[in-house]
Amino acid sequence: MADLNLKSHRLEFKSALYLESGRILEPFEIVYETYGKLNEHKSNAVLVCHALSGSHHAAGKHEGDRKPGWWDGLIGPGKAIDTDRFFVICTNTIGSCFGSTGPTSPMFPRMEPYRLKFPVVTIKDMVKAQRLLLDRLGIEQLHGVIGGSMGGMQALHFAVDFPGLARHNIALAATHATSPWVVAFNKISIEAIINDPAFEGGQYDIEAIKEAGLKGGGVGRMAGHIGFLSPESMMRKFGRDYVAQDGLFDLFGKFQVERYLEYNGYNFPKWFDPLTLIYIAKAINIYDLSRGHDCLESALKRVSTPLHLFGFKRDLLFLPEEMESIAHAMAAIGKESLCHYHLVESDYGHDAFLVEIDRFSDTIADILRKDFDG
Amino acid sequence: MAEEKVESFEEKIEAAREILKALSEPDLALDRASALHKKGTTLLQEASEMLEKAKLEFQESCTTEPD
Chain Z
1 MADLNLKSHR
11 LEFKSALYLE
21 SGRILEPFEI
31 VYETYGKLNE
41 HKSNAVLVCH
51 ALSGSHHAAG
61 KHEGDRKPGW
71 WDGLIGPGKA
81 IDTDRFFVIC
91 TNTIGSCFGS
101 TGPTSPMFPR
111 MEPYRLKFPV
121 VTIKDMVKAQ
131 RLLLDRLGIE
141 QLHGVIGGSM
151 GGMQALHFAV
161 DFPGLARHNI
171 ALAATHATSP
181 WVVAFNKISI
191 EAIINDPAFE
201 GGQYDIEAIK
211 EAGLKGGGVG
221 RMAGHIGFLS
231 PESMMRKFGR
241 DYVAQDGLFD
251 LFGKFQVERY
261 LEYNGYNFPK
271 WFDPLTLIYI
281 AKAINIYDLS
291 RGHDCLESAL
301 KRVSTPLHLF
311 GFKRDLLFLP
321 EEMESIAHAM
331 AAIGKESLCH
341 YHLVESDYGH
351 DAFLVEIDRF
361 SDTIADILRK
371 DFDG
Chain R
1 MAEEKVESFE
11 EKIEAAREIL
21 KALSEPDLAL
31 DRASALHKKG
41 TTLLQEASEM
51 LEKAKLEFQE
61 SCTTEPD
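These protein sequence lines are chains Z and R, in that order. Just so we're aligned, residue 1 is where the first sequence starts under my numbering, counting upward by one. Just so we're aligned, residue 1 is where the second sequence starts under my numbering, counting upward by one.
Chain Z on its own, in the form it takes in the complex (with noise of 0.2 Å):
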């Protein structure tokens, strides 16, 4: 087995891209990590998606890394996604704060960060960012694209916006639009984050939140963690456990499951933007496959290589009957033999996809060893 390869790139984009609201983003930059070695052929890339908080850092650790990149237990030589086959590339997408192009990264020509002047930015801007790097690296062809949650909605947006460009399409935990539920937890989060007085109306200072946090963050946060978990999953993690030595009786004392929202949830916005985070959750919200189409088959017409679709049984945030309804669609416009549903047995909730790779992994190595010759 070789090793994991990580390499970590930055490409500057000189030329303008169209975003779908009519803007541009004129220049812009992706930063990208990649696993494994590209083949002489080009033909053995495959591109991984990132969620709402996650970046391009999805396997292995950095010099002093404490935690391996958010798909770890996926992506790596001998794993479901094998780096010693396949050419790994992750990105950070567009309008997120790792690297690329995004609401705190300075404005031509003046170089202030962009912050409310950054445009709104859509899935489908992300998916169309991430072709432009592949054309970039000569990659015309992918044998597989995947992601989770939002990560699997730009999976079906290179199905549908650039047929055929990957041999296999697999979005997990995903949806093919956005339901209001999702829009509510989102709600929450912007809502808190914008009436924090320490927001300033997005003229906070970048580095101070870095360092101090954001309570109003912090508490959307908690909101959206719930929504990443389900009853089950909290039950098994918490129980009704009470910190020890938090008095019952003493009106801010405290169940386990609360200490745990706090730490996670003030934590929060320290190592993720709040502002970027009021874009990416727009980005989801408005997400709509079908958008530019008459209806989502007519979308899905388009679709001209294998999609595999998963949906986890406990998602709670994106429900596995919302992946289902995607393979109803595509049968219904007979296109059957493209599409293949696969619903998880978890209990975990949506971060599911994150946390129980082993209950899905062997089915994502086995779509991906299928006609791969590399």
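Please keep in mind that the hints were generated in silico from the structure rather than gathered at the bench. Any given hint could turn out to be false.
Claimed, not checked - Distance condition first, Cα-Cα at most 35 Å in a straight line; then the derived DSBU-like pairs of lysine-lysine:
{"id": "1", "chain 1": "Z", "residue 1": "Lys254", "chain 2": "R", "residue 2": "Lys38"}
{"id": "2", "chain 1": "R", "residue 1": "Lys53", "chain 2": "Z", "residue 2": "Lys187"}
{"id": "3", "chain 1": "R", "residue 1": "Lys21", "chain 2": "Z", "residue 2": "Lys270"}
{"id": "4", "chain 1": "R", "residue 1": "Lys39", "chain 2": "Z", "residue 2": "Lys270"}
{"id": "5", "chain 1": "Z", "residue 1": "Lys67", "chain 2": "R", "residue 2": "Lys53"}
{"id": "6", "chain 1": "Z", "residue 1": "Lys67", "chain 2": "Z", "residue 2": "Lys210"}
{"id": "7", "chain 1": "R", "residue 1": "Lys53", "chain 2": "Z", "residue 2": "Lys282"}
{"id": "8", "chain 1": "Z", "residue 1": "Lys7", "chain 2": "R", "residue 2": "Lys39"}
{"id": "9", "chain 1": "Z", "residue 1": "Lys210", "chain 2": "R", "residue 2": "Lys53"}
{"id": "10", "chain 1": "R", "residue 1": "Lys55", "chain 2": "Z", "residue 2": "Lys187"}
{"id": "11", "chain 1": "Z", "residue 1": "Lys335", "chain 2": "Z", "residue 2": "Lys313"}
{"id": "12", "chain 1": "Z", "residue 1": "Lys7", "chain 2": "Z", "residue 2": "Lys128"}
{"id": "13", "chain 1": "Z", "residue 1": "Lys210", "chain 2": "R", "residue 2": "Lys21"}
{"id": "14", "chain 1": "Z", "residue 1": "Lys254", "chain 2": "R", "residue 2": "Lys55"}
{"id": "15", "chain 1": "R", "residue 1": "Lys53", "chain 2": "Z", "residue 2": "Lys237"}
{"id": "16", "chain 1": "Z", "residue 1": "Lys210", "chain 2": "R", "residue 2": "Lys5"}
Dock chain R against chain Z, hints included.
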């Protein structure tokens, strides 16, 4: 006993130990004993809170960030 603020976990435990020693002095006045007891309890509470926080930080440092 010195009244300076003790910040680290180890210092808090050490200070609590000193207080415990002081509390076992036979000729300790009641009001002094009561003040020492209060201080000791606070120190131990703070230390145990630090321990809980460290535990949570450690657990979370091993898990993937949520979506």
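Checked hints:
no.	hint	verdict
1	Z:Lys254 x R:Lys38	holds (22 Å)
2	R:Lys53 x Z:Lys187	holds (30 Å)
3	R:Lys21 x Z:Lys270	violated (43 Å)
4	R:Lys39 x Z:Lys270	holds (34 Å)
5	Z:Lys67 x R:Lys53	holds (18 Å)
6	Z:Lys67 x Z:Lys210	holds (19 Å)
7	R:Lys53 x Z:Lys282	holds (34 Å)
8	Z:Lys7 x R:Lys39	violated (53 Å)
9	Z:Lys210 x R:Lys53	holds (20 Å)
10	R:Lys55 x Z:Lys187	holds (32 Å)
11	Z:Lys335 x Z:Lys313	holds (24 Å)
12	Z:Lys7 x Z:Lys128	holds (23 Å)
13	Z:Lys210 x R:Lys21	violated (43 Å)
14	Z:Lys254 x R:Lys55	holds (16 Å)
15	R:Lys53 x Z:Lys237	holds (17 Å)
16	Z:Lys210 x R:Lys5	holds (28 Å)
Comparing the model with each earlier hint shows violations of hints 3, 8, 13; every other hint is respected.
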